[in-house]
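**Q** So you can see what is in the structure, the chains are spelled out below.
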Amino acid sequence: MHIPDGFLSVAVWASLWVVAMLILVVAVWRTNKKLGDRHVPLLGVLAAFIFAAQMLNVPVAGGTSGHMLGGVLIAVFVGPLAGSIVMGSIFGVQAIFFQDGGITTMGANIINMGLIGTILGYFIYQSVKKVVKGDRGMIIGAGVAAWIAVVLASAACAFELAASGTSPLGIALPAMVGIHVIIGIIEAAITIAVISFVLKTRADLLKLPKI
Amino acid sequence: MKLKEKWWITGLVIAISMACVLSLFASSEPDGLERVAEDQGFAEKAGGQEAIHSLMPDYAIPGIENEALATSLAGLVGVFIITGITLGWGTILKRRR
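Line by line, the protein sequences give chains A and B.
For the first sequence, position 18 (counting from the first letter as 1) is numbered 18 according to the working numbering, and the numbering increases by one without interruption.
For the second sequence, position 58 (counting from the first letter as 1) is numbered 58 according to the working numbering, and the numbering increases by one without interruption.
Because the hints were derived from the structure by calculation, they are not lab data.
Be a bit skeptical, because a hint or two may be false.
Stated by the list, open to error - Taking lysine to aspartate or glutamate and the EDC-like style, the derived pairs with C-alpha atoms no more than 16 angstroms apart in a straight line are: (1) Lys200/A / Asp135/A; (2) Lys94/B / Asp37/A; (3) Lys45/B / Glu34/B; (4) Lys207/A / Asp37/A; (5) Lys6/B / Asp37/A; (6) Lys210/A / Asp37/A; (7) Lys6/B / Asp204/A.
Based on the sequences and whatever the hints tell you, model everything.
**A** Written out as structure tokens, the structure reads:
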């Protein structure tokens, strides 16, 4: 779902750059001096994992593929703000070194595929955890949040395309959401698999303070 | 860090295996947005619009004839870059004693 340069109008991509940077500045501000010794290697490993996972396109229906985004996964481990900085770093590296997503559209991509997962997704995860307790709540919450985050990301992308005059909302919204309802299942499955694996092997890594 | 704390080595090995080996089996079909762009006829809007020319476009190191090797190496370089950047800001933002 990486938006390339050329798909968004200047007004749209510039506004989204500003919004993304404001949120990331706040995230850096609030994360500063809060990371512990054990957060740092965990952030590095998870950033590597999510970067790699985003390379792995899985075929879905009708000659289309999708890959994981990872925003909910990172937020479940380290919290929404530290997680947002990780996602911003990943989309920055992808756009600059790998031409995956545009430079002008980097703000949009950070918001759609990163911050929606780390912030809105984390909120959904927390809400589910209040209802379903324990490890089960963690797994169900993360899975539900991961799926919703992908669907919301695709809807946000459709709104941005429509606002840019690239594709009318009546066409872009159902088309984007329709495909990502399926791609979201991949996101939920990988998010659940990683969290279940870590719960079984090193549950302490999921118990670090959330930032 | 204690010697027994080697979870991060396991994690990095998993990430590198994904970026260098599993990536060779990734689907090259268009993703959700590319599919919609093709179906709705706005895919060409991106043609020639790249704001910069990246060093490793499409996750392949240019000039390496073997496509699998070009992708594997690009994946490895990418994992090193993102890990380095993240450890960098992580260390800067760490609580100091």
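**Q** Taking the hints in turn, state whether each one holds.
**A** Hints versus structure:
{"no.": "1", "hint": "Lys200/A / Asp135/A", "result": "holds, 10 angstroms"}
{"no.": "2", "hint": "Lys94/B / Asp37/A", "result": "holds, 7 angstroms"}
{"no.": "3", "hint": "Lys45/B / Glu34/B", "result": "holds, 11 angstroms"}
{"no.": "4", "hint": "Lys207/A / Asp37/A", "result": "holds, 14 angstroms"}
{"no.": "5", "hint": "Lys6/B / Asp37/A", "result": "holds, 15 angstroms"}
{"no.": "6", "hint": "Lys210/A / Asp37/A", "result": "holds, 14 angstroms"}
{"no.": "7", "hint": "Lys6/B / Asp204/A", "result": "holds, 14 angstroms"}
In summary, this structure violates none of the numbered hints.
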